[in-house]
Amino acid sequence: MDPFTTAVIACIRNIPPGKVATYGQIGALAGKPTGARQVARILHAMSRKHHLPWHRVVNKQGRISLPRYDGYEMQRARLESEGVVFDADGRIAFDRFLWDGRNE
DNA sequence: CTCGTGACTCCCG
DNA sequence: TCGGGAGCCACGA
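Number 39 in my numbering belongs to position 39 of the first sequence; there are no gaps in the numbering.
For each label pair, taking beta carbons as the anchor points, the in silico distance ranges come out as:
(1) Pro33 / Met1: 20 to 28 Å
(2) Arg13 / Ala88: 26 to 34 Å
(3) Asp87 / His51: 23 to 31 Å
The calculated lysine-lysine pairs, modelled on DSS-like cross-linking and capped at a C-alpha distance of 27 Å, are:
(4) Lys60 / Lys49
(5) Lys32 / Lys60
(6) Lys49 / Lys32
FYI, nobody ran anything at the bench for these hints, they're computed from the structure.
Each residue gets a CB set at the ideal place from its N, CA and C atoms; glycine is no exception.
Go ahead and model the full structure; you've got the sequences and the hints to work with.
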């Protein structure tokens, strides 16, 4: 399997509950600062085969990238159940919930 | 092997 | 705030 893909999956597994990370952040940690798009692709493809906490990954604006009718509600519900709070604009406050990249 | 397709992000009006 | 263009490159067919 592609080493980048492996690294991305590993990073995602490291995101602690109640925290979120951005696609670009994961890509950078996995070795490709410009691979945000690939991260999204990997997430989509691999979350079907692997058991991944894909809901803890959002775009850089702190918003969920999924359409309301396809996954948005579920992702938001999962995050809220972990304590993540969304503001009126549907955004997550990074100053409180962004994963710092380290495990506790 | 080739090729279309993005759950992204940056940059410029 | 919003939109278009370009770069990015792994996955699945």
